[in-house]
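Enquirer: Here is what each chain is made of, one letter per residue.
There are 2 protein chains.
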Amino acid sequence: MVRQLVQLNRMGDGTVYLQITRGPAPRSHLFPKETKPTLIGYCTSLSRPLQLQTNGMTAVTIPDIRWLQCDIKSLNLLPNTLAKQEAADAGAEEAILHRDGIVTECSASNLMMVRNGIIHTHPANHLILHGITREIVLRLAAEEGITIIEEPFHLGDLRTADELFITSTTVEIASIVEVDGYVIGGGIPGPLTRKLQQLFESKIQSTT
Amino acid sequence: MVRQLVQLNRMGDGTVYLQITRGPAPRSHLFPKETKPTLIGYCTSLSRPLQLQTNGMTAVTIPDIRWLQCDIKSLNLLPNTLAKQEAADAGAEEAILHRDGIVTECSASNLMMVRNGIIHTHPANHLILHGITREIVLRLAAEEGITIIEEPFHLGDLRTADELFITSTTVEIASIVEVDGYVIGGGIPGPLTRKLQQLFESKIQSTT
Chain A
414 MVRQLVQLNR MGDGTVYLQI TRGPAPRSHL FPKETKPTLI GYCTSLSRPL QLQTNGMTAV
474 TIPDIRWLQC DIKSLNLLPN TLAKQEAADA GAEEAILHRD GIVTECSASN LMMVRNGIIH
534 THPANHLILH GITREIVLRL AAEEGITIIE EPFHLGDLRT ADELFITSTT VEIASIVEVD
594 GYVIGGGIPG PLTRKLQQLF ESKIQSTT
Chain B
414 MVRQLVQLNR MGDGTVYLQI TRGPAPRSHL FPKETKPTLI GYCTSLSRPL QLQTNGMTAV
474 TIPDIRWLQC DIKSLNLLPN TLAKQEAADA GAEEAILHRD GIVTECSASN LMMVRNGIIH
534 THPANHLILH GITREIVLRL AAEEGITIIE EPFHLGDLRT ADELFITSTT VEIASIVEVD
594 GYVIGGGIPG PLTRKLQQLF ESKIQSTT
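Chains as they are written, first to last, in my numbering: chain A, 414 to 621; chain B, 414 to 621.
Take these hints with a grain of salt, some might be off.
Chain B stretches covered by chain A per the calculated footprint, using a threshold of three residues with CB under 8 Å from any CB of chain A [to be verified]:
1. 441–447
2. 481–491
3. 562–569
Simulated from the structure, these hints should not be mistaken for lab results. For every residue, glycine included, the Cβ atom is placed at its ideal position computed from N, Cα and C.
Sequences and hints are given; from them, build the entire structure.
Expert: The structure is reproduced here in structure tokens:
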């Protein structure tokens, strides 16, 4: 279906969006019993955010007030949109979420912190969405022999980071060079981030 | 608009449903800048649930995994629907939610516990939806000279309750006569619940 969408729309660079529901039914909290699922798919032309990947982006930290099943990908994204908008209102491009000081992820991306050559990121449990790009990047890093520690870390650790970067489907890999106005890694993407961007690029080129 | 909907549809007993959005815009976490809000309203004929009000209903307790802004009425109801369905799967009619043992409310209604003639209910903060029926019932109770304690209480307190009842727009006031298989108040709606049902009924009759 994805292949078909891309062909029918003669897509170059862009995104394919898929959405599935239980199907139409009268409004009720109980699941409908005999509905046919509705599957919606569409694609949108979109340039890859190369400038963002080169320059990095800014972020602010915001309390993570989401539910306790963030590993479910659903359209119940009100807290994510509120966080993203709060970041934009503060002049930043992404919101780094924390639950009582524990850094979880961002409003629409996963977060990785590099310190002494080691990647730290929140474990893939119920408190974050296990992004596909996250998984691919961790695999590429592991293949490169980079140590990965999937354990919760604190807000305060962000300022001690050598590098910070996010992963997401549309952004791919991009540095966060400023958090709450504090400059990280000299304000430019660090060597490990750039290395992973190169590996990711190679992977894209080799599969298209 | 509500009056008009009711007149146009020649409604007897039923519900009027209103929904407002920021308006149509391309999918993005950021709020759209220049959209006109979409307001949708419709009504549905619905008999008042008199049998439920007379006989009471059963409930099971389920962890409250919702976000930390439950006072916002929105369509991000996935945790509520999951809880309601889990209750139904367990053969019960409602889910009593608790956050680490603190009873908050139900999947689609507010919960009140009666003990020694006093009404206990969770305070109207960010952890519950401040239902209109909740507010009206508390006002009726106060006018009747009943003491109301709006403070968090524990799961264990439920078993010591003389009466338990829920309030919601469609259910109005209904007893919970069984929680996790444990019978409350002899399995029938208690005197204070019935008193409030009468007062609520009088209020309906006097305003229609």
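Enquirer: Are the hints correct? Go through all of them and say.
Expert: Taking the hints in turn, this is what the structure says about them:
1. 441–447: With 3 residues close enough to chain A, the hint holds.
2. 481–491: holds (count 7)
3. 562–569: violated (count 0)
The structure fails hint 3 only (numbered hints given earlier).
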